[in-house]
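This is what each chain is made of:
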Amino acid sequence: MNYHSPASFAEASRIAADASGITRFLAGGTDVLVQLRADIVTPDTLIDIKKIPGTGAITRNADGSWTLGVAVPGAELGEHAGLVADWPGVVEAMNLVGSTQVQGRATLTGNLCNGSPAADSVPAMVAASMTATVTGPNGDRTVAVRDIPTGPGKTSLAKGELVSALHIPPRGENAGDAYLRFIPRSEMDIAVVGCAVNLRLDGDTVVEARVSLGAVAPTVLLVEDAAAAIIGSTLDDAALDRLAAAASAACKPINDKRGTIEFRTEVAGVLAKRVARIAYARAKGEIIKGHHG
Amino acid sequence: MALDDLKTKDFAFVGTRPNRPDGLDKVTGRAKFGADAYAPGMLHGAILRSPHAHARILRIDTSKAEALKDVKAVVTRADFSDKVEFAPGLEGEFWNVLENVMAGDKALYDGHAVAAVAATSALAARDALKLIEVEYEILPHVTDVDKAMLADAPVIREGAADYSVPAGMHPNVVRMHESGHGDVAAGFAEADLVIEDHFTTEATHQGYIEPHACLATLGMDGKGELWCCTQGHWIVQKTCAALLGIETANLRVTASEIGGGFGGKTTVFIEPVALALSRKANKPVKLVMSRSEVFRATGPTASASMDIKIGMKKDGTLTAAEGIFRLQGGAFPGGPAEFTAMCAFAPYSLSNVRQVGYDVMTNRPKQAAYRAPGSPMAAFAVESVIDELCNQLGLDPIEVRLKNASREGTKASYGPRFQQIGLVQTLEAAKAHPHLSAPLKPGQGRGISCGFWFNHGGETSVSLALSEDGSAQVMVGTPDIGGSRASMALMAAEVLGIPYENIRVTIADTATLGYNDVSHGSRVTYASGLATIKAARHAVEKLCERAAKKWGIPVDAVKWENGCAVPSGPNAGDFDPLPLADITANMGQTGGPISGHFEATPEGAGVSFATHIVDAEVDPETGKTRVVRYTVIQDAGKAIHPTYVEGQYQGGAAQGIGWALNEEYIYGEDGRLQNSVFLDYRIPVASDLPMIDTVIVEVPNPGHPFGVRGVGETSICPPLAAIANAVSAAAGVRMRNLPMSPPRILSALKADG
Numbered sequence: 012m013n014y015h016s017p018a019s020f021a022e023a024s025r026i027a028a029d030a031s032g033i034t035r036f037l038a039g040g041t042d043v044l045v046q047l048r049a050d051i052v053t054p055d056t057l058i059d060i061k062k063i064p065g066t067g068a069i070t071r072n073a074d075g076s077w078t079l080g081v082a083v084p085g086a087e088l089g090e091h092a093g094l095v096a097d098w099p100g101v102v103e104a105m106n107l108v109g110s111t112q113v114q115g116r117a118t119l120t121g122n123l124c125n126g127s128p129a130a131d132s133v134p135a136m137v138a139a140s141m142t143a144t145v146t147g148p149n150g151d152r153t154v155a156v157r158d159i160p161t162g163p164g165k166t167s168l169a170k171g172e173l174v175s176a177l178h179i180p181p182r183g184e185n186a187g188d189a190y191l192r193f194i195p196r197s198e199m200d201i202a203v204v205g206c207a208v209n210l211r212l213d214g215d216t217v218v219e220a221r222v223s224l225g226a227v228a229p230t231v232l233l234v235e236d237a238a239a240a241i242i243g244s245t246l247d248d249a250a251l252d253r254l255a256a257a258a259s260a261a262c263k264p265i266n267d268k269r270g271t272i273e274f275r276t277e278v279a280g281v282l283a284k285r286v287a288r289i290a291y292a293r294a295k296g297e298i299i300k301g302h303h304g
Numbered sequence: 030m031a032l033d034d035l036k037t038k039d040f041a042f043v044g045t046r047p048n049r050p051d052g053l054d055k056v057t058g059r060a061k062f063g064a065d066a067y068a069p070g071m072l073h074g075a076i077l078r079s080p081h082a083h084a085r086i087l088r089i090d091t092s093k094a095e096a097l098k099d100v101k102a103v104v105t106r107a108d109f110s111d112k113v114e115f116a117p118g119l120e121g122e123f124w125n126v127l128e129n130v131m132a133g134d135k136a137l138y139d140g141h142a143v144a145a146v147a148a149t150s151a152l153a154a155r156d157a158l159k160l161i162e163v164e165y166e167i168l169p170h171v172t173d174v175d176k177a178m179l180a181d182a183p184v185i186r187e188g189a190a191d192y193s194v195p196a197g198m199h200p201n202v203v204r205m206h207e208s209g210h211g212d213v214a215a216g217f218a219e220a221d222l223v224i225e226d227h228f229t230t231e232a233t234h235q236g237y238i239e240p241h242a243c244l245a246t247l248g249m250d251g252k253g254e255l256w257c258c259t260q261g262h263w264i265v266q267k268t269c270a271a272l273l274g275i276e277t278a279n280l281r282v283t284a285s286e287i288g289g290g291f292g293g294k295t296t297v298f299i300e301p302v303a304l305a306l307s308r309k310a311n312k313p314v315k316l317v318m319s320r321s322e323v324f325r326a327t328g329p330t331a332s333a334s335m336d337i338k339i340g341m342k343k344d345g346t347l348t349a350a351e352g353i354f355r356l357q358g359g360a361f362p363g364g365p366a367e368f369t370a371m372c373a374f375a376p377y378s379l380s381n382v383r384q385v386g387y388d389v390m391t392n393r394p395k396q397a398a399y400r401a402p403g404s405p406m407a408a409f410a411v412e413s414v415i416d417e418l419c420n421q422l423g424l425d426p427i428e429v430r431l432k433n434a435s436r437e438g439t440k441a442s443y444g445p446r447f448q449q450i451g452l453v454q455t456l457e458a459a460k461a462h463p464h465l466s467a468p469l470k471p472g473q474g475r476g477i478s479c480g481f482w483f484n485h486g487g488e489t490s491v492s493l494a495l496s497e498d499g500s501a502q503v504m505v506g507t508p509d510i511g512g513s514r515a516s517m518a519l520m521a522a523e524v525l526g527i528p529y530e531n532i533r534v535t536i537a538d539t540a541t542l543g544y545n546d547v548s549h550g551s552r553v554t555y556a557s558g559l560a561t562i563k564a565a566r567h568a569v570e571k572l573c574e575r576a577a578k579k580w581g582i583p584v585d586a587v588k589w590e591n592g593c594a595v596p597s598g599p600n601a602g603d604f605d606p607l608p609l610a611d612i613t614a615n616m617g618q619t620g621g622p623i624s625g626h627f628e629a630t631p632e633g634a635g636v637s638f639a640t641h642i643v644d645a646e647v648d649p650e651t652g653k654t655r656v657v658r659y660t661v662i663q664d665a666g667k668a669i670h671p672t673y674v675e676g677q678y679q680g681g682a683a684q685g686i687g688w689a690l691n692e693e694y695i696y697g698e699d700g701r702l703q704n705s706v707f708l709d710y711r712i713p714v715a716s717d718l719p720m721i722d723t724v725i726v727e728v729p730n731p732g733h734p735f736g737v738r739g740v741g742e743t744s745i746c747p748p749l750a751a752i753a754n755a756v757s758a759a760a761g762v763r764m765r766n767l768p769m770s771p772p773r774i775l776s777a778l779k780a781d782g
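Protein sequences appear in the order of chains A and B. Mapping the first sequence onto the numbering used here, position 78 (from 1) lands on 89, and the numbers just tick up by one. Mapping the second sequence onto the numbering used here, position 565 (from 1) lands on 594, and the numbers just tick up by one.
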């Protein structure tokens, strides 16, 4: 195994482009090192990107958007008051990953690029319309977060490409986001179903919404029918029922050790309602702390 | 076995709560566990495991692995003793263990060891495994207990059944137990309501936090040293010696500190393999299991399929009870069907009772003991039916249990008459407990259950030696799995009359003490405690002799009080009390070192009962359960160190919550274990548990000098049932299958409409 710690993303991209065999990028390492130890993946080339300048930064841009370095751990997101105020759903989703110790290392970018359909932060990032800068042999391009995972363990990143920054749009007024996952325990578990909602209000009426589901299909889903079900409503019971039905209808889950098709489909709707209520309350200015489980 | 010298009150040390002697080492990381041993020139071992549930091993080619520079030894079954041969029935246990630690002709489950490597590093050993070629002929497999009994089920091993199995049963049924008394048919006829129902439980793992680990050295001279984490190093010594074909005394085994066992470390898995590697490489070999190996290849408990039929009169009197218990114990005989059957109805005084147990083999890892093996699942089935009878007849569940409770003199469902027991006292304490009358919130339900375990005595040997300064060292042979060193020191302090802090208790290795049975059967505080008390009394006799000699009076004119020899009465003479340290100060000149010793197989363990009260809350939209309140009430006989008794109560309840709600071995269609890591094998995390309240009931056990009953196992007997009764009440639908996972509860709620 060859270990590299390049000083720039361009250099990281070059090393990856020239490498043969299995290449892994190392930031927090909470997937890569675990897989290495468990003898699941032994990379031929390990490229440590957390020494690249700026990878640990959380930046609020002039237009109110945010730029997140690829090595920012979950714990730092959770301790950033401004980010938590703007995007509580994105932060709470990331903070659900693993334990306190894991939070000290694990990153949004890693959670995204690991390609797990059950990744907690990804539905929240998709609902938040987040984008990624991808650096490759031909320079940088901007890609929607939802277009990066393509299936379990797979991404759309080409050889030599890596995520070099994440971007969250400006929060704007009267808006809120939230994420909930279902796990049988209270923490230290993996989502059986995950759901994120990001919405904006005009008065009491939902005028924009994005609803995203995790762990119910090979990739995280953006469910446009579910969003349509609540846009124009005041999130009344009828709208919530339509939301639940649309969320359940979008599910294409599997039966596995973590849950059944029937259960995931049902609970996706239940969670969608619960998450939408939290996002709605946040859009109204209420402070609702992150939920564990 | 009632003891004449039973002491049940006026204790000076017993019943206090000093810090445990191993506490500082454990909280500072200084304690040495299984994987903490190192030796000069040490190699690292790794084991190749079958990916198939059932396969004939046609060929193993280890040549590529052996050709590696870093590889110093490769072993397969051919490297073990040829003296260990198969014998049918119980006599064949050594053979079963050998077959389990290294597969012979067939791999019998996913994870079954087929070869092992010792190399200069753990990574080199792991990589060398990939070069071993094994040719398998895949055979049909079965992992479900009911399916394993069907006529067309694949046979795990022909001829494994013993004499107890009736003709015509499937060869996978290897043992049958039947017991009871009275006429159950007549009993059911007397009942106003008879409920018959079917229940299942899944296999669960003890989930000890420390994976198995050992360091083995076996020389060409046939002499060996073994360091390992185990609940009993003499059984390790005996078993490994047999499997390696050496004399028992030539293998010295030392028990490390142990990070949990719960019954799962009462046998061997990697130790004989490490010894075989060491013998072949002529170097020390360290072997440490991964968590995945622990799940796939050590012993979870059995899964169960159970039919229960119980009759009750309108006034709550039980008229008859019958149970059929099928226990899946993996690819070897030994499932605890007998215990399941015998424990099932033990809490109740029944005129008509019959229980049948079947031990059934499947393509799963060989089950191992898990805290009251067999009893929790029986209680789940039986206490669910009793709960349902109470519901349908509108009766109070505590009153019904009190009405039918076993008491002193009751003929137990499994045969003998009970001596002094404490079930009624636990039920009375439950009745009086504020938990039972606390209001429930909407969506919550309350459940109660009783539970029973036999407890055990076992071979025990303890030595105690006094130092010149008057301190004492106690050598016991039972690894400390629950704070027992503190309890031993308290009991020795009580007899000697010296401070707790002046007594050091050590777990002696196999070369420095006589044979000791494993730390199992909740026996340690009972049996090693009894032996410690007797060894201390033995030393006290010698101390009194020295005082008598000094004073020039007969020894029977001297007695021991508060740590001093004193004249036994006014006629004995007028001498100042002679403290222990004054006698030991010059013991070298007054007759030599003073030690005490005791060895026996005590038979008076004293059975134990508990009653648990549980409140559970079910989310009707997701089926998720939260245990919101939990109270354990259990008879301890006498709590030597109440904090560690409470710890046992809480631990049993916590493991029971996991077993009831989310823990299970999940097998795929391919017979492979799907969830061999803690991410997907869902033991409760701290935030899943409420504070578990405890009530210690003390009904002295006449078989122990201070009245002790074992407490470690009974605490896991009631939880499955108590939680199931609470969840069933909260959900409004009877839950008959464990675990009561959210998908299962949600589906039951949907089916119920």
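Be a bit skeptical, because a hint or two may be false.
Result set (EDC-like, lysine to aspartate or glutamate): computed pairs, CA atoms no more than 20 angstroms apart in a straight line [to be verified]:
| no. | chain 1 | residue 1 | chain 2 | residue 2 |
| --- | --- | --- | --- | --- |
| 1 | B | K159 | A | D55 |
| 2 | A | K300 | A | D55 |
| 3 | A | K268 | B | D173 |
| 4 | A | K268 | B | D709 |
| 5 | B | K36 | B | E632 |
Quick caveat, the hints were computed from the structure, so don't treat them as lab data.
Do the hints match the structure? See the list:
1. B/K159 to A/D55: 17 angstroms, holds
2. A/K300 to A/D55: 42 angstroms, violated
3. A/K268 to B/D173: At roughly 16 angstroms apart (the allowed maximum being 20 angstroms), B/D173 and A/K268 satisfy the hint.
4. A/K268 to B/D709: 7 angstroms, holds
5. B/K36 to B/E632: 18 angstroms, holds
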